[in-house]
Each structure stands twice: as C-alpha cells, then as structure tokens.
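With the hints as your guide, set chain B onto chain A.
Going down the list, the protein sequences come from chains A and B.
Using the numbering used here, the first residue of the first sequence is number 1, and each one after it goes up by one.
Using the numbering used here, the first residue of the second sequence is number 1, and each one after it goes up by one.
Hints may be right or wrong, so weigh each one.
Unchecked claim - Computed far set for chain B versus chain A, every beta-carbon distance over 12 Å:
1. K23
2. K28
3. A36
4. D58
5. A59
6. Q111
7. A127
8. P157
9. F163
10. E164
11. K165
12. H183
13. H195
14. E248
15. K252
Stated by the list, open to error - Covered stretches of chain A (in silico footprint by chain B; criterion: 3 or more residues with CB under 8 Å from a CB of chain B, positions within the stretch not fixed):
16. 61 to 74
17. 174 to 187
18. 238 to 252
19. 257 to 263
Calculated directly from the structure, the hints in this document are not laboratory data.
No experiment lies behind these values; they were computed from the predicted model shown.
Backbone N, C-alpha and C fix where the C-beta goes; we use that ideal spot for every residue, glycine too.
2 protein chains.
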Amino acid sequence: MKTVGIVGLGLMGASFAKALKEKKLCEKIFACDINATVLEKAKNGNIITEGFIPENVDAMLEKCQIVFICLYPGATKKFLDKHKNSFASGAIITDIAGVKSILIDESEKLQSAKLGKAFFIPGHPMAGGEKEGFEYSSANFFNGRNYILLPFADTPPEKLHNFEKLIYDLGFKRIIKTSAKNHDHKIAFTSQLCHVIASGLVQCAEDTNITEFGGGSFEDLTRIAMINAPLWTELFLANKTNLVYHIESFEKSLSQLKNLIETENETDLKNYLQNVREKRIKMI
Amino acid sequence: MKTVGIVGLGLMGASFAKALKEKKLCEKIFACDINATVLEKAKNGNIITEGFIPENVDAMLEKCQIVFICLYPGATKKFLDKHKNSFASGAIITDIAGVKSILIDESEKLQSAKLGKAFFIPGHPMAGGEKEGFEYSSANFFNGRNYILLPFADTPPEKLHNFEKLIYDLGFKRIIKTSAKNHDHKIAFTSQLCHVIASGLVQCAEDTNITEFGGGSFEDLTRIAMINAPLWTELFLANKTNLVYHIESFEKSLSQLKNLIETENETDLKNYLQNVREKRIKMI
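So here's chain A without its partners, still in its complex pose:
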C-alpha cells in the first residue's frame, strides 16, 4: 500500500496516522482536518506526509488507495455523499461511525460496496477514550481491541482480505463481521447503554466529593461519563430505538434486583447474584 488518506485528525484519525507511521504500514499518509494547526502539528511531528484543508480534500482522495473517514456519524454520511466520485479507482473507503443504519440502508438489500469507482467497507474500531482530540492519540491506541466490519455481499474478497490484514497490523486483535442492523443492536447495549448508565450515575451523585468514599467501583463505572457530549448526543439519537429497548431491559433487571432487596428475599437475591457472577465469568 502506497498512500493512506485520513479524514479528521481527532483521537481516532490521529491514532490511525500514528499507528500507520510507527508500524511502517504505508509509504505516504495524507490527512484532512478543519483545524490547520492540527495539520501543521502532525506534519511537523512527522506523523503525516501532507495535510489538506477540507476545500482541497478531493485532490487528496484521488491519490489514496485507502481512506479512513474519522468523523462523527452525521458528518461521515455527508462526506460520503459529497465526495463519492472523488475516490481513486479500486480504493477502499472505510469509516469509524458508532452507528451504521444511518449510513447503510435498513434493508441492506439494495446496497452495494460500490462508491463511485471505489469500494466502501464500513467499520467500527472498538476503541475510545474519555480524552478526545489529536493530543491524546497514540500509535498503540488500538492494541488488543475489537474491530467490527460490515462488508457488503459484493465486496471484492481481495479488498476485504487486504483491509483485514491492515486491521491486524494496526494492532487490533479480533475482527467481527456483521450486518448494520445487528451492529446497531449490539452496540446499543455494549457501548451506548453503558454511557447512559455512567452518565445517569454521575448525575445522581449528591456531591463531587463522593470519591472520598470510593474504592474503585464508582470510578470504574463512571470513567466514560467524562463524555464527549456532542458526539454521544448524536450516537444516542441516531440509534434511539435500539438504545431505548436496552435501557428498558436494564430498568427491568434493576427493578427486579431492587425488589429482592426491598422484600429481603435473601435466597433469590443470592441466586440472582450467583447467576450474574457465572454469566460474567463466561464473558471473559
């Protein structure tokens, strides 16, 4: 692979750039960002070969064999629509959006990997952090993480194979292939519901000195409540139906547990917790 393009040099995009550079996975790294200072920093730091402002992004896209679009979900959709004819012939175009149904048609029947002359392979690298932006990015950010891929029926096998190889080379440990529908259902649980819970828990804390009484549990449960509000507002709303479904399922579990405590049903409470313990251990 000669040239990789990255659209958006935030935490994720810049971590891709740094991992590509450090692991010597391509010859050139081009990047586009709305922030000229970030582009300069990345170029001076020898992380990218050349920076492009959004007005010149088409000139960048046509030179790249692979393009990572590292934008918020709505912006990703707009970017794909606007620039679909600018991608190089045979290039692989991918994204990192945390919801997929807004990018891929619900039915998925009419869909094709074809994006102009290029091929779109939607993806979701399962990595994140409570500190966003270029300065917190790292070449090791993806080590040991999961990557969800959503190939289409007509995605050329050799394109998919090459992309999967690159994903492992970047440090990810496991690739899961699934549909947009299943992705959004699962992610609403493992990711969005967890952010909702963490946020609700911080919201109901009586004061900010509460961590004086902390033994690690509250801290672990609420680290992700240092949330990027605009991004997660977008993610929650774009996946509303799945998310509300899981919130209500969690509300039922919680209410069941509360009831066992309120009625001092020691036997059932102990069984509930024992089952939970065994179920969680199986998840390792």
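What follows is chain B alone, placed relative to chain A:
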C-alpha cells in the same frame, strides 16, 4: 508494635498479613481461620508467625496489640460479642465490614470505644476485587486506596494516632473519618449501588458472546459483577434503606435521560451530558 492478630485469612485479611510482613510493620503476625490448609499455607509461606483455629482464638487475641477482624459483617458482629473480654488490655481492635450501622448503635450516643479492656476503632479499607480468597491477596493490595475510620468520642487520641500511622504504612493514601450513619449512606452509593448496577447490566445481557462487540465500556462497568454472592447479599440487606434510596435516585436520573432520548430533545440531552462530564471531571 509487637504482635498483630488477623481473624480471617481471605483476600483482605491475607493482604493485611502480607503487607505487614513485607513492610516489616510488626514483630509477629498471628492469624485465625476456619480453613486449616490456608493457615498452613500462610505459615509455610512465611507470611504469618503462627496460625490458630477458631477454637483457640482467645489464646491468640490476648497476645495481640492490634487485631484486624476480617470477616463478613454479620460474622464480625458475632465475633465481637463473643470475644470482647478476650482482647489484651489497651489493644486496638478493628474490622473491615462494609456496613457499620449493624455494628454501631444507630444513635451512636450510647457508644464507647471500650471493648472489654481494649478499644474498638471500626474501619473500612476501600479495596476489593472480583477474585476472593487467600490466593489473590497481595502485599500491595492497599496501595493508593482510601480508608474510612469511625472513631468514637472517647477513642484515646494516641490509639487513633498509632492506628492511622499504621494505615498509611500499609500503603493507603487517604483516611476519611466519619459516622456510621454517614458511612452507610455514602457507601450505599459509591459501592453497593455500583454493584447493583453492574449485576443488573450483566443480568440483561442477551448472551455471553456480547463482549465480541465490546470496546471496554461494558467490561469496565461489569467487572465487579463477578460478585461474591453471599457477601454482597449480606451487605445489600444490611444497608437496605440507604441502598434502595440510591437505586431510586439512579432510576430517576436514568428515566430522565431515557426521556430526552425518546423525545429527541437534542439540546437538553447535550446539556445533560455536558453537565455530567464537568461534574465527573471535578471528581478526579
């Protein structure tokens, strides 16, 4: 300090023993456990000086200048009642129970530090782990942790001072002094509510393969769901009123957040998350 006694060589008790030994904080370490194999292991591993079976514990207690009672809350109460006249004159007796109102009279007015000829200073080392028992104990288990102390009005200042010094020497970074009532209210939030949430979340997971879609959030939120069921059943029930209060307060926060998502109230949702982010950052 010459001799420290430890009642119960589980995760906590054995971590105390190992920290005392490694940091050379006393001359002799005596320990009592119902499991003779554990006592043997601890003695052969040169962690304790001598092991005592429960039948002989009085012979141990009378030789100790400080005794850590590392039992479940109900067992702690029974142990104190049964052996209160066996402690050495002037000794410091402490415990690790995660609820305190069952040990200390509600009013706290009639209470005194006096326990036979010794002094009781209730405590709660804020450390724990999803893997319990002697084999997971460690000399570094308490490093950087909080310790909650509940001294009485008549606790001799020099006894308290000596005990606090020992706590810092064991690796703890902060001591919080409070009442049983406040302890149980705060702990119901930072510890018990978190365990309830983690358990409810695992309970409503659709399957145990869900971590294939995990990016760290679900894993972090549910590590404590690998819960010691008998211990936490006891803790939840012993602190029922406080815990149910906090569960209901969390249910309200969660419901408010769900409502903002359901009604697609983007502005208020973003504000809610932004406030949560700022509140959580202040807690660091």
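Go through the numbered hints given earlier and state which of them the structure violates, listing their numbers in rising order.
Hints 7, 12, 13, 14, 15 and 16 not satisfied by this model.
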